[in-house]
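Q: Now for the letters of each chain:
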Amino acid sequence: MQNAMSMILVAATGPWAAKTVAERASESLDTSLWAVAAYMVLALLAVVVLVTLLGLVLIYAERKIAGRFQCRVGPMRVGPHGLLQTVADTFKLLLKEDIIPTRADQAMHLLAPFLCMGATVLIIAVLPYSPTMQILDLNIGVLFVTAVSGFGVMGILLGGWSSNNKWSLIGAMRSGAQIISYEISATLALLVVVLFAGTMSLRGIVESQEAGWWIWRAHGVGLISFIVYLIASTAEINRTPFDIPEGESELTAGFHAEYSGLRFSFFFLSEFINMFIVSALAATLFLGGWMPFHIGGWTTFNNVMGLIPPSLWFAGKNLFVIFVIMWFRWTFPRLRVDQLMRLEWKILLPIGFANLMAASLVVLSNFYFFPGK
Amino acid sequence: MSLVDFTDIRMEQRAVAGVTVPVAVVPRIKNQGYLSRILHSLKGLLEGMRLTFGYLVHPSRIVTRQYPENRETLKFPERYRANLKLVYDEKGYHLCGGCKLCEKACPNASIRVLNRKSPITGKIELDRYIWRMDSCTFCNACVLACPSSSLEMGHEFENAVYDRRLLIYNLNRYAGPQAEVMEKLDEETRKQAMEPRDAYGGPVPLAGEELPNIVPVRVDSPGNPASRPGQGSDA
Ligand code: SF4
Ligand code: SF4
Chain A
730 MQNAMSMILV AATGPWAAKT VAERASESLD TSLWAVAAYM VLALLAVVVL
780 VTLLGLVLIY AERKIAGRFQ CRVGPMRVGP HGLLQTVADT FKLLLKEDII
830 PTRADQAMHL LAPFLCMGAT VLIIAVLPYS PTMQILDLNI GVLFVTAVSG
880 FGVMGILLGG WSSNNKWSLI GAMRSGAQII SYEISATLAL LVVVLFAGTM
930 SLRGIVESQE AGWWIWRAHG VGLISFIVYL IASTAEINRT PFDIPEGESE
980 LTAGFHAEYS GLRFSFFFLS EFINMFIVSA LAATLFLGGW MPFHIGGWTT
1030 FNNVMGLIPP SLWFAGKNLF VIFVIMWFRW TFPRLRVDQL MRLEWKILLP
1080 IGFANLMAAS LVVLSNFYFF PGK
Chain B
456 MSLVDFTDIR MEQRAVAGVT VPVAVVPRIK NQGYLSRILH SLKGLLEGMR
506 LTFGYLVHPS RIVTRQYPEN RETLKFPERY RANLKLVYDE KGYHLCGGCK
556 LCEKACPNAS IRVLNRKSPI TGKIELDRYI WRMDSCTFCN ACVLACPSSS
606 LEMGHEFENA VYDRRLLIYN LNRYAGPQAE VMEKLDEETR KQAMEPRDAY
656 GGPVPLAGEE LPNIVPVRVD SPGNPASRPG QGSDA
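Protein chains in written order, with the numbering used here: chain A, 730 to 1102; chain B, 456 to 690.
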C-alpha cells in the first residue's frame, strides 16, 4: 500500500515527458503491478475531481454570466458573491428524495442517467489537456469521441421512454432526432481537421498545429468548419437555441421531467460536462489544443509564446469556447422543431459537404499558410 | 422569417371608394438567395450578440439591488407605486373634498370614503378615508380619478403584518374640511374643525383594538403622525 502511495506521489511530482498515463502504466507493467494500480487510481481520481470541479465551476459561471447578460447579478447570497451557491445546491440535490414513477420501467429509469454520465466520462479520458496530462491517447481518437458522444443519446432516449410520461417521451424523441441530425454536420466539420492533420489521434492533431492553428491556416476552410462545428455541437448538447428537447415552456423539462434528486443531478451535470467536452474538442481540433500560439518561422515570437505553460493555453481556449456557447444561450431565442431540421439538412449539411470538398483540395495542393515540415 | 418587411413601412394617401385615406404600405420581403439569406440571418445574430455583450461589460446596466443591505439608500423610480397616501399641504391639511370619485374609479372596491356634515361649517367634509390594502392592486386609477390631486402612491412597500386586519385602515389624519376650505376660516375655527383620526379607529376591522405582541409595520412617511398604532399616533 505504501508503495502505491509513493507511486502516486512520484507520478504527481516527478518529471513528465510527453506521455499519457496509459503509456506510463503499460511501461511499468514489467516492473511493478503496484505502479500500474497507482496510475489507474491516479487516472480515476483525476476524472472524478475534474468532473466535480467542472460541475461546480461551470454552473456557477453560467449563472453569473447569465445574470450579467440579462442586467442582473446572479447568485449573491451564499458565500461572498454567491461562490458557495452551487455547493449548497449540490447538497440540496443529494438530500432530495429519489422518486421513481409507479408506472415507470424501473430498471431502465435507474440506468438512463448513468448511461448519460458514462458517455461523458469516457470522453474526458481521451482529451489532451497538456503534453503530459492525458489519460489515454487512441489512434482513432476523433472516431471514438464521435461514437461515444452518440452513446449519450441512448441515456436520454431511455430516460424519456422509461419515465412513462408523454412529455418525457416527446422530449426524448426530439432529442434523438436532433442529436442524430446534427451529429452529421459535427462529424463533417471534424473530418476537415482529420484531413488536414492526417491522423485521428487527438495528440497527433494537436502536434500537427505547431506552425499554426487549423482555424486560420487553411484559407477560411478551417474557419467555416469551426463555425459549423460550434453550431452543430451546441445542438448536440441540447443547449439554447437548440433546447427543444427540454423546452421548458412546452415540455416542462423534457426527458428528465420525471427525475429528481441524485439522478436528476446526473443529467444536469452531464449537460455541463458535455459543454466542456465540446469546447475542449473545438479547442483541440481548431484552436491548437495545448499548442501555444505559433506563427511558422517567427522563432523568437514562438519562444515567448512557449513560456506560457501548455495547460494554461488549453484552459484559456477552452474557457473562450465555453463563454461563446454561454453567450449563444443567453442571446438567442429557441428554434422551432421545423426550423431546427431545416437549419441542419438544408443549410449546415450542404455547407459542411462543400467545405469538406474544399478542404480536400487544400490538402491535395498542400496550399496552407506556413506549409511547415 | 417574416413574410413582410417591417423595416420599410411607408405611409401613402390612396383613393378608396371615392375617399382619400392614409394607408400604411408594408412591402413583402424580397426573395433572397440562399447565401444572402444565411448572411442576413448571421448579421442579425451577431447584432444580438453585440447587444448582450454590451450588457455583460457594462456593470452600470445592472438593475438588481441588494435589498435588505441597501435599505437605507434605496432609490425609487419616479413612477414607483406602493402604498396609497393622502397628500397634505405644508400646513398639514389634506386636499380631499370627499367627492368619492376615487371610490367609483377603484376596480376592486378597495376604497371607502365616509363623509359627514361638519359641525363647524355645516358643509359635507371627509370623515374617514378607508383603504383596503389587501385587495388593492396598485393600479393608480384612484390617483388619476381624483379631481383635486389629493391622492398619491407612496414608496412604503414593507407591508408584511401578522394579522390581515391590519391591512385595512384610515388614510386621513383628521376629519375635517380640505385645505381649500381651511384657508377661508380663521385660526381658531380651523382648530375646532379638525377632529383627529388614527389608522385603526372607526369602521375598520380592527376598530381600535390593540393586538397583543404585534407591532405593525410603518405605512406612512415618518413625518406623518397618523400612522398605525405604536408609531406615536393618537390612538
Ligand atoms: S390603486 Fe387601484 S386598486 Fe388600489 S385603491 Fe386605487 S383604484 Fe383601487
Ligand atoms: S381623494 Fe379625491 S377623488 Fe377621492 S374623495 Fe377625495 S377628492 Fe374625491
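Honestly, I wouldn't trust all of these hints.
Said to hold, decoys possible - Pulled a few chain A residues facing chain B out of the computed Cβ check, cut under 10 Å:
no. : residue
1   : Ala-790
2   : Phe-798
3   : Arg-801
4   : Met-805
5   : Pro-809
6   : Val-816
7   : Thr-819
8   : Phe-820
9   : Lys-821
10  : Trp-1059
11  : Arg-1063
12  : Trp-1074
13  : Leu-1078
14  : Pro-1079
15  : Ile-1080
16  : Phe-1082
Said to hold, decoys possible - Below are the DSS-like pairs computed for lysine-lysine, each with C-alpha atoms no more than 25 Å apart in a straight line:
no. : chain 1 : residue 1 : chain 2 : residue 2
17  : B       : Lys-559   : B       : Lys-578
18  : B       : Lys-578   : B       : Lys-646
19  : B       : Lys-572   : B       : Lys-646
20  : A       : Lys-1075  : B       : Lys-485
21  : B       : Lys-530   : B       : Lys-498
22  : B       : Lys-498   : A       : Lys-1075
What the hints assert, rightly or not - Residues from chain A that keep clear of chain B, each with C-beta distances beyond 10 Å, as calculated:
no. : residue
23  : Gln-799
24  : Thr-1028
25  : Pro-1038
Hint data in this document are derived by calculation from the structure and do not stem from the laboratory.
All of these numbers come straight from a predicted model, not from anything done at the bench.
Just so you know, even glycine gets a beta-carbon here, dropped at the ideal spot from N, CA and C.
Q: If a hint holds in the structure, say so; if it doesn't, say that too.
A: Hints and how they fare:
1. Ala-790: With a closest approach of 12 Å, the Ala-790(A) hint is violated.
2. Phe-798: At 5 Å from the nearest chain B Cβ, Phe-798(A) passes the 10 Å test, so the hint holds.
3. Arg-801: At about 5 Å, which falls below the 10 Å cut-off, the nearest Cβ of chain B leaves the hint on Arg-801(A) intact, so it holds.
4. Met-805: holds (6 Å)
5. Pro-809: Because about 13 Å separates Pro-809(A) from the closest Cβ in chain B, which is outside the 10 Å limit, the hint is violated.
6. Val-816: Because about 21 Å separates Val-816(A) from the closest Cβ in chain B, which is outside the 10 Å limit, the hint is violated.
7. Thr-819: violated (24 Å)
8. Phe-820: violated (24 Å)
9. Lys-821: violated (23 Å)
10. Trp-1059: Interface hint status for Trp-1059(A): holds (6 Å vs cutoff 10 Å).
11. Arg-1063: Since the shortest Cβ distance to chain B is 14 Å, the answer is violated.
12. Trp-1074: Hint on Trp-1074(A): violated, closest Cβ of chain B at ~13 Å, above 10 Å.
13. Leu-1078: Cβ of Leu-1078(A) sits 13 Å from chain B, so the hint is violated.
14. Pro-1079: holds (9 Å)
15. Ile-1080: holds (8 Å)
16. Phe-1082: Nearest chain B Cβ about 14 Å off; hint violated.
17. Lys-559(B) - Lys-578(B): holds (22 Å)
18. Lys-578(B) - Lys-646(B): holds (16 Å)
19. Lys-572(B) - Lys-646(B): Between Lys-572(B) and Lys-646(B) the Cα gap is close to 17 Å, so the pair holds against 25 Å.
20. Lys-1075(A) - Lys-485(B): Between Lys-1075(A) and Lys-485(B) the Cα gap is close to 20 Å, so the pair holds against 25 Å.
21. Lys-530(B) - Lys-498(B): violated (39 Å)
22. Lys-498(B) - Lys-1075(A): Measuring from Cα to Cα gives roughly 19 Å; hence the hint holds.
23. Gln-799: Nearest chain B Cβ is 7 Å from Gln-799(A), so the label is violated.
24. Thr-1028: Correct as stated: the minimum Cβ-Cβ distance to chain B is 36 Å, above 10 Å.
25. Pro-1038: About 28 Å separates Pro-1038(A) from the closest Cβ of chain B, which puts it past 10 Å; holds.
Violated hints for the displayed structure, listed by number in ascending order: 1, 5, 6, 7, 8, 9, 11, 12, 13, 16, 21 and 23.
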